[in-house]
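K.L.:
Sequence:
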Amino acid sequence: MDTGQQDPGIRNQLARVSWRYRPLKAMRKWNIHLIDLLILAGVTLIAAIVLTHGDAAPAASRPTSQQSIRNVIEAPPTTGVPPACPTLRPDPSFGVSLIDTQTGQPLCEHNPDGIAQPASTTKVMAALLTAKYLQARRLSLDTLITVQPIDKQVEWDAAVAYLQAGHSYSVRVLLYMASILSAADAVMVLARFVAGSRQGFLALMNDQARLLGMRHTHYTSPYGYASTPPDHWQQGEQASVGNYSSAHDMALMMAAFAKYPDVVTIFGASAYHQGGIWLSRSSGYVITDSWIGLSTAAGERGKNLHLPFQVLAVKKGCMWCGESYHKLSYVMLVRFQQAVVAAAFLYTTQNYSAPSVGDMLATLLWAFHQCDQPAYSGYCQ
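Here the numbering used here is used: the first residue of the sequence shown is 1, the next is one more, and so on.
No lab work stands behind these hints: they were computed from the structure.
One should not assume that every hint holds.
[To be verified] Label pairs and their in silico Cβ distance ranges:
(1) ILE150 x ASP372: 53 to 63 angstroms
(2) GLN102 x GLY166: 43 to 53 angstroms
(3) THR146 x GLN102: 33 to 43 angstroms
(4) GLY200 x GLN135: 10 to 20 angstroms
(5) VAL81 x GLU155: 35 to 45 angstroms
(6) PRO308 x PRO261: 34 to 44 angstroms
(7) ILE277 x ARG137: 19 to 29 angstroms
(8) GLN102 x PRO308: 14 to 24 angstroms
(9) GLN310 x GLY104: 19 to 29 angstroms
(10) SER377 x LYS152: 44 to 54 angstroms
(11) ASP157 x SER356: 27 to 37 angstroms
(12) ALA269 x SER140: 13 to 23 angstroms
(13) ARG281 x ALA375: 19 to 29 angstroms
All C-beta atoms in this analysis are idealised placements derived from N, C-alpha and C, irrespective of residue type, glycine included.
Make the full structure from the sequences, and use the hints.
P.N.:
Structure below.
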């Protein structure tokens, strides 16, 4: 019968057993603490690795080193807010951008991101890609290309050089034609030479624009042709018009173009002669020609303005060439002393028959700190 009391012998036996198992219990307890410490140390180590080397995402979901490098290359340089170009004359150009080619910093900008049609200034991008292709393939400007019938398939009213299918022309001559005559057929020969087709060349143009950081530019014509009415005066355009660009983007393009001096020389010439080929543009057709050949006196021509800077290269784009429409655009490289400036004037008000009308000459003189000089102050007012 159970009375709730244990026999003294049994109590002694249980005590001996309990004493024997005390070390085992303590050891078990110590092992549990050791395991906890090891787990905690492991978690801490993993966290340190993640913080040091980034997340542990699968390799397929992480960008490769090549992708990372490409992203760095494609990122445009970060700059502060550039100074605004002064309003030196009434009715300023739609967009203006002046960039120092050595530092990449804008000297001044007005409506730098407003888009409009760059027209034939597009041909500078075509020339830039041609120069890069020649350099990559170690070819010269004297490399000959034979014209094919497809090269002549351009709009009926586009400017052309009347190239003959089956005839061969050097890259140099074709670039002179693209510059001086603004010849669409010459650009098409170069486009096929570089990329194999019109569409392939357009893809290269848009890729190059992206690599240069031209965020407000898109090309649908390799030579800048577009058929649009002369409406929306001084209001820019919509992206649906075809080719479009901005003053800042066009200046970036010219800064890249400056790295190819042989092609810069071609786009700085107003005439060229080789064999039976004679190319020239009439005086006054391009603004910088007028700056050299005109004075401020009415009707007086042939007087050098003795400007303090030199235009190394220039390309005019003309959506509507009547000056009252103000649809003229210009890109240029201008040297003053040791500095070379990439300049873009989108839908400019400059009158190419009178250097005292419009803001192109005034803005350049201001950028070079020449507006306070008596010889040039009249152009800045």
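K.L.:
Now look at each hint and say whether the structure bears it out.
P.N.:
Taking the hints in turn, this is what the structure says about them:
no.: 1; hint: ILE150 x ASP372: 53 to 63 angstroms; result: 55 angstroms, holds
no.: 2; hint: GLN102 x GLY166: 43 to 53 angstroms; result: 45 angstroms, holds
no.: 3; hint: THR146 x GLN102: 33 to 43 angstroms; result: 40 angstroms, holds
no.: 4; hint: GLY200 x GLN135: 10 to 20 angstroms; result: 19 angstroms, holds
no.: 5; hint: VAL81 x GLU155: 35 to 45 angstroms; result: 40 angstroms, holds
no.: 6; hint: PRO308 x PRO261: 34 to 44 angstroms; result: 22 angstroms, violated
no.: 7; hint: ILE277 x ARG137: 19 to 29 angstroms; result: 24 angstroms, holds
no.: 8; hint: GLN102 x PRO308: 14 to 24 angstroms; result: 19 angstroms, holds
no.: 9; hint: GLN310 x GLY104: 19 to 29 angstroms; result: 21 angstroms, holds
no.: 10; hint: SER377 x LYS152: 44 to 54 angstroms; result: 50 angstroms, holds
no.: 11; hint: ASP157 x SER356: 27 to 37 angstroms; result: 33 angstroms, holds
no.: 12; hint: ALA269 x SER140: 13 to 23 angstroms; result: 18 angstroms, holds
no.: 13; hint: ARG281 x ALA375: 19 to 29 angstroms; result: 27 angstroms, holds
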